[in-house]
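Could you slot chain B onto chain A? The hints should help.
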Amino acid sequence: EDQVTQSPEALRLQEGESSSLNCSYTVSGLRGLFWYRQDPGKGPEFLFTLYSAGEEKEKERLKATLTKKESFLHITAPKPEDSATYLCAVQASNDYKLSFGAGTTVTVRA
Amino acid sequence: DSGVTQTPKHLITATGQRVTLRCSPRSGDLSVYWYQQSLDQGLQFLIQYYNGEERAKGNILERFSAQQFPDLHSELNLSSLELGDSALYFCASSRSGTPGYEQYFGPGTRLTVT
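So the protein sequences, as listed, match chains A and B.
With positions in the first sequence counted from 1, the corresponding number in this note's numbering is that position plus 688.
With positions in the second sequence counted from 1, the corresponding number in this note's numbering is that position plus 336.
Think of the hints as simulated: they come from the structure by calculation, not from any bench.
Glycine included, C-beta positions come from ideal geometry on N, C-alpha and C.
Be aware that a few hints might be false.
If the Cβ cut is set under 10 Å, some of the chain B residues that face chain A in the computed set are [said to hold, decoys possible]:
1) 343
2) 363
3) 371
4) 373
5) 380
6) 434
Only pairs whose alpha carbons sit at most 20 Å apart, straight line, appear in this in silico SDA-like list of lysine to any residue [said to hold, decoys possible]:
7) A:730 - B:392
8) B:393 - A:727
9) A:730 - B:375
10) A:745 - B:437
11) A:747 - A:725
12) A:730 - B:378
13) A:730 - B:432
14) A:730 - B:338
15) A:756 - B:373
16) A:756 - B:435
17) A:767 - B:438
18) A:730 - B:436
19) A:745 - B:342
20) A:745 - B:380
21) A:730 - B:377
22) A:747 - B:337
23) B:345 - A:727
24) A:751 - B:438
25) A:745 - B:343
26) B:393 - A:725
27) A:730 - B:380
28) A:730 - B:393
29) A:730 - B:435
30) A:756 - B:339
31) A:730 - B:337
32) B:393 - A:780
33) A:730 - B:448
34) B:345 - A:781
Far from chain A, by Cβ distances over 10 Å, these chain B residues were calculated [unchecked claim]:
35) 347
36) 348
37) 364
38) 367
39) 384
40) 388
So that you can see chain A by itself, here it is in the shape it has in the complex (with noise of 0.2 Å):
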C-alpha cells in the first residue's frame, strides 16, 4: 500500500525566513508526486506535480524536487500569503488515485 509522510506536521516561519517541507514516500513504481496547497475550508490547489527523480519545479517563492524515496518543498522569503497546508501526493504506476499525506501547516508571520 502506497505510504506517504509528511513532517513536520506544523512550521511557524517569520517573514523572510526560508524554510523546507519534506515529503516521505513509499509506493510500487511512482507516476507522480504531487504537491498541493490547502486554504482552510477550501479544496486543494494544484502546485506542482514531479515525475522523476532529479525533477525540480519553481513557482513563485516555491520550489519542489524529487528523489528516489521523498520530496522538498521549498519555500524561499515567505510572505504571510505563503500560510496554508501543503499537501504531498503520490500516484502509482499502475493506480488512479491520489494517496495523500497529513500535510503540513505553515504559518508565516509579519
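Okay, now just chain B, sitting in the frame of chain A:
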C-alpha cells in the same frame, strides 16, 4: 478558481437520511474523482469515473454510490448516514483517465450529520 464546481457548499442532515452531492468537472475533463476529508483520516480517495464508466474504487462504503452522466457531471449519493460520515467531500477532475495527470479540486461540500 479551478473550474470544478460542487453543490451544495454545506449540507446539514440527520442520521439515517440520504443526500446527493453534485460535481461538474472542468471543461474538457473526462475523469471525475471523489475524495473524503475528515480530521482524523485526511484526504481519502473514494471512487473515479472516466467518461461515464467507473474506473477505480477506493475505500468507499457500500452505503455510498456514485455515477457520471453523459454531460460528464457526477453525483455522489450517501445513504443511511451516520455521525462519522460528517466530513468535507471533494470532487476533482483531470483531462485524461490515465495516471500521471494532475487532478483539479472543487471547493467541496461540507456535510454535517446530526
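### Message
When the structure is checked against the list of hints, which entries are broken? Sort them ascending.
### Response
1, 2, 7, 8, 13, 15, 17, 18, 19, 20, 25, 26, 28, 29, 30, 34, 38 and 39
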